[in-house]
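S.K.: Spelled out from the first residue to the last, the chains are:
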Amino acid sequence: MQSLTNRSKIVQKRDLTFMEKLYLPAILGGMVITIKHLFRKKVTNKYPDTVREFTPVYRGVHVLKRDEQGRENCTACGLCAVTCPAEAITMTAAERKPGEENLYREEKYAAVYEINMLRCIFCGLCEDACPKDAIYLTDRLIDAKYHRSNFIYGKDKLVEKTDERVDVSKRKKVYTLS
Amino acid sequence: MPKVTIDGHSIEVAEGTTILQAARMIGPEVAPPAMCYYSKLKTSGGYCRTCIVKVSKGSDKDPRPMPKLVPACRTMVMDGMEVLNFTSPEVKEARKGVTEFLLLNHPLDCPICDQAGECHLQDLSYENGSAKTRTDFERRTFNKLNVGNHIQLHMTRCILCYRCVKVAEQITDGRVHGVMNRGDHAEISTYIEKAIDNDFSGNMIDVCPVGALTDKTFRFKSRVWFTKPVDAHRNCDHPKCSGKVVLWYQKEEVLRVTGRKDQWGEVEEFICNTCRFDKKQTSDWTIEGPRHIDRHSVISSNHYEHMVKPKELTINTIKPLIES
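Chains as they are written, first to last, in this note's numbering: chain A, 1 to 178; chain B, 1 to 324.
Worth flagging that the hints you see were computed from the coordinates, not collected in a lab.
It cannot be assumed that every hint is accurate.
EDC-like, lysine to aspartate or glutamate: derived pairs with alpha carbons at most 16 Å apart [stated by the list, open to error]:
1. B/K144 to A/E107
2. B/K61 to B/E82
3. B/K261 to B/E118
4. B/K221 to A/E95
5. B/K240 to B/E268
6. B/K68 to B/E82
7. B/K228 to B/E118
8. A/K65 to A/D139
9. A/K155 to A/E114
10. B/K216 to A/E95
11. B/K92 to B/D123
12. B/K216 to A/D49
13. A/K132 to A/D67
14. B/K57 to B/E82
15. A/K132 to B/D109
16. B/K221 to A/E107
17. B/K3 to B/D62
18. A/K157 to A/D139
So here's chain A without its partners, still in its complex pose (with noise of 0.2 Å):
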């Protein structure tokens, strides 16, 4: 049959030699091998004990951030759950009482702040929405459950602790309007 391409090859079956039907070089070669990668750095962490380290841009569980005085930033906009492609964000706002300056930023606060990590595509488009510096994406990973409703994360879970702060320097954009 005429070759449409003249890359095919025809292959003969023939019988094995004497060296070849031992095997032992074959085998040996591939113990070579073996061996060799035992010596290789290691491609994998243990982890938990080491922990692989991330990059800049990494997204993982938001953070709630709060303000210098230990003021949550969030005022309940909407923006980021308007913006979430998988509309895992829900809100409800509440109005700040008299006294609670020292809480909450603005005059409207979030009540409950809820993301749903199963829902959560972690795109970061809400950290790009958010205008007030509240939400930001870090390098913490979701721990893993048994049960779906545990992976609701709401504010207990989200809001950044006064005494353990997370850091976010790396992910802040500086934006240059002209």
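Once you have looked at the hints, place chain B on chain A.
M.R.: Coordinates of chain B only, in the frame set by chain A:
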């Protein structure tokens, strides 16, 4: 019948029509934005200057151009008049300046403001404004004034369009609020802090182009774009009330009742305070259907007007392929 040409579109209009009205008759592609003019309120317009246009030819009799840009809401058309709106770079430049002046004292607290998403000042500054402010001075602040249980007044957001004053004058029975002081100190205020207590005072919320007058019963309840607008009506006892409204739903709950706004952001018919503030049950209303929202509006996000509910797709509606 005078014939006027706006941005190359010609139209014949009745004597005494303003340029703005003629432009609106042609359509939104030539209609200048208006912050203070309101077609349902007499003597409105002429304060904000956002509708300024260039008259490149005065009329057939006197073809000289007008020396300055003129407010379209206050200038009558003449036969053969030629007007430039969006096609004139001079008008664009001037409108950018006007926007900058309107935003001079505006707090830009849109993340908190309940009007955000349906705010005319937001639209105007999005289209004509610059991204940065040049003001170094402190913005105006006011002492908070309580104007009743239904309406929330945020004086810092006010752009002094006088629309609410015209509503008080023309729609309600007695005017209890007006503009106090002059120039930079001017502010909307009630006489001796007297609460606005009137059957039609709620319409001030609808006519306010910014978030200066907002619904207190809706305050911080939700954002406009999370609510679903639905047309509805009821037989209102009030002789002047049309009873035709938009209900803003969140899930099964009516968060807010407003008048129906047309494409220029003006209410079609004014509604009374009973309809607006007290009737917040679905059983109070006859539902007409989802309200059409322009798809460029943020309110249209996640709204599915023509969605067919799964239960309506019953087996009986699907025709069998082979009829026996």
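S.K.: Hint by hint, note whether the structure agrees.
M.R.: Hints and how they fare:
| no. | hint | result |
| --- | --- | --- |
| 1 | B/K144 to A/E107 | 13 Å, holds |
| 2 | B/K61 to B/E82 | 13 Å, holds |
| 3 | B/K261 to B/E118 | 11 Å, holds |
| 4 | B/K221 to A/E95 | 9 Å, holds |
| 5 | B/K240 to B/E268 | 13 Å, holds |
| 6 | B/K68 to B/E82 | 14 Å, holds |
| 7 | B/K228 to B/E118 | 13 Å, holds |
| 8 | A/K65 to A/D139 | 15 Å, holds |
| 9 | A/K155 to A/E114 | 7 Å, holds |
| 10 | B/K216 to A/E95 | 12 Å, holds |
| 11 | B/K92 to B/D123 | 15 Å, holds |
| 12 | B/K216 to A/D49 | 55 Å, violated |
| 13 | A/K132 to A/D67 | 10 Å, holds |
| 14 | B/K57 to B/E82 | 5 Å, holds |
| 15 | A/K132 to B/D109 | 10 Å, holds |
| 16 | B/K221 to A/E107 | 13 Å, holds |
| 17 | B/K3 to B/D62 | 14 Å, holds |
| 18 | A/K157 to A/D139 | 15 Å, holds |
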